[in-house]
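Asks: Read off the chains here:
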Amino acid sequence: MKGTRRFLSRNLLISLALLLALCALTVPAFADDGSGRKRFQESECLSCHAQPELQITLPSGEVLPLTIVPERLAGSVHERIGISCDSCHPDISGYPHPPLEYQTRRELSRALYLTCRTCHVTNYENSLDSIHAEFAAAGHMEAPVCTDCHGAHYTQYPNQPRALISDTCGQCHTEIFDIYKNSIHGSALIEENNPDVPVCTDCHGVHNIQDPRTALFRIESPELCAGCHADPALMAKYGYDSDVYNLYSISWHGVDVEVYKANWPTIWHESAVCTDCHGVHNILPASNPASSVSPQNLLATCRKCHPDAGPNWTGAWTGHNEISLERTPLVYYTNVFYVYFVPVVLILAGVYVLLRIIRATVDRVRRNLP
Amino acid sequence: MSANETTLATARSGRVRTERTFVRFNLVQRWEHALFLLTFTVLLLTGLPQKYRTATWSQYILATPERLETIRQIHHVAAVLLIMLALYHVGRAVVRLFQRRLSGEMLPVTQDLRDGFKMLRWLLFIDREKPSFGKFSFEQKFTYWFFIFGTAIMILSGLLIWFPVLFTRVLPGGIIPAAKLAHSAEAIAAAIFVIMWHSYHVHIERLNLSIFTGRLSEKEMREYHAREYERLIGESDSPPDGEPE
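Respectively, the protein sequence lines represent chains A and B.
If you count by numbering that gives the first Met the number 0, then the first sequence holds residues 0 to 369, one letter each, in order.
If you count by numbering that gives the first Met the number 0, then the second sequence holds residues 0 to 244, one letter each, in order.
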């Protein structure tokens, strides 16, 4: 068996070498991949496409630039692993090229990006489940495809540096990006290149991005925040309390949300989730006066849901804090009453009833004795 | 308290036996108890699933958001009934206090402490004789006052968490989470108390239905309320005094 395989592979190598030699001799401008199709070599493509201001006009009147900058191409992730022009442009096998069938530039990108699927099957399929694909299906051709985020020819790793991700989303979601930039998460990312703060994709997902305005996304959103904010090691690094989520989930709002999440996740529910009070893209620490949960703004934030609340109302919020004498004395003393006093009364009452049962039983036995 | 003559025909002998019964509770008190029993049960049954919302058994009951809403409405209706009952009970006592007709027989007195101490000696087999009691034993007074305070806590905390925005216009905000805690904990305390203490005294020790019938037999009076029995018999054989408080 082993011998046969070695024999086969040796034969294969020899025939390959022969084939290559033949190619080199006969058609030096083209390579042959063995499928009988002629392959352009990149240098051949660039002999035309490196010319500046090479372009054509599409039937829509749009100008389609055709210039490729060789230096930038050489730096792309695909180029570095030897993927060249014809991998993504398989229909072009010589000059003159077949005529372009596309009316608009958008039509062209939406057709050509499909070649990404050849290699990136999972990511492509995930993208079909995304809100972007949903929008495209509804006729919004501007909804992004692979190349809109990753680029076509000069593809780079999308997260190097990490801030590149939010930049990419920000190309279309400009307003949200501007808000995010000034949030605690965004500013730490952009100004400090912080490795821990969430970028867009950490909360929204990458290729199968879902509509964040659904009941399901809302009810599951506290878990998203908890992914980092309930992590003791990560929170300790920044001096934050990692108990916030646990305490939230036993609070009035939190229990409500837990029940809806467990039973009716697709039914819209108003009970406050993290983002209702802290904001979404504009999250700031409570110590920042501009924060929606700073002492100055807290009442206004409560009033979004409790419009008639008076100034004492914020005191009803036990926050993400354990019961303590300093912060919540009323709750503290009530807790003491029910944790110490009432159980003692009930235990004494129980002992008393037990003694009565014993005495009654003994008396009954004695009465029945001869 | 009035003594009352009832004739009972004993079927076996055919003889006529006369048994005296004593009025213990008047009609108002019997209705008050029945309404309290009803509202207490409804409130507990509709409150527990809400307290234990995250538990699986609760989610069978609160299967849909509409069901949860219905349960809450039933809880609120029963709560309003209980509040009316409590206002009536307290209001009646206050009126009678001003009329100088409040008997005060439910008020704890030092005799109750002495009775309790004697009871403890009997329970620990130190005394051979069980102490005798007046119309309401210290146990029964304890039951009454436990429910008076418990109901007050439940009504006040319940209203606070039902109308939190309204109350915090005047009261500090911290009272809302305190009320939520109290409402939740007091409910359990009351439930344990009813099952353990009250049901022992009226079902296990003996079946005492006087709160429904309004009467106690002469035998029961002698055995459980000897001091009251002797007082009544001592005063007259059938004292025609006013209705009991």
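Since the hints were made in silico from the structure, they are not lab data.
A portion of the hints provided could be inaccurate.
What the hints assert, rightly or not - If you only want the chain B side, here are some residues facing chain A, beta carbon under 10 Å, derived:
#	residue
1	Phe135
2	Ala188
3	Phe192
Just so it is clear, CB atoms sit at the ideal spot from N, CA and C, and this is done for glycine as well.
Asks: Going by Cβ atoms only, is B/Ala188 closer than 10 Å to chain A?
Replies: Status holds, d = 5 Å.
Asks: Can we keep the B/Phe192 interface hint, with Cβ of chain A closer than 10 Å?
Replies: This hint holds: B/Phe192 lies near chain A, its Cβ roughly 7 Å from the closest one there, short of 10 Å.
Asks: Does the CB of B/Phe135 sit less than 10 Å away from some CB of chain A?
Replies: B/Phe135 check fails; min Cβ-Cβ to chain A is 17 Å, beyond 10 Å.
Hint violations for this structure: number 1 only, all remaining hints satisfied.
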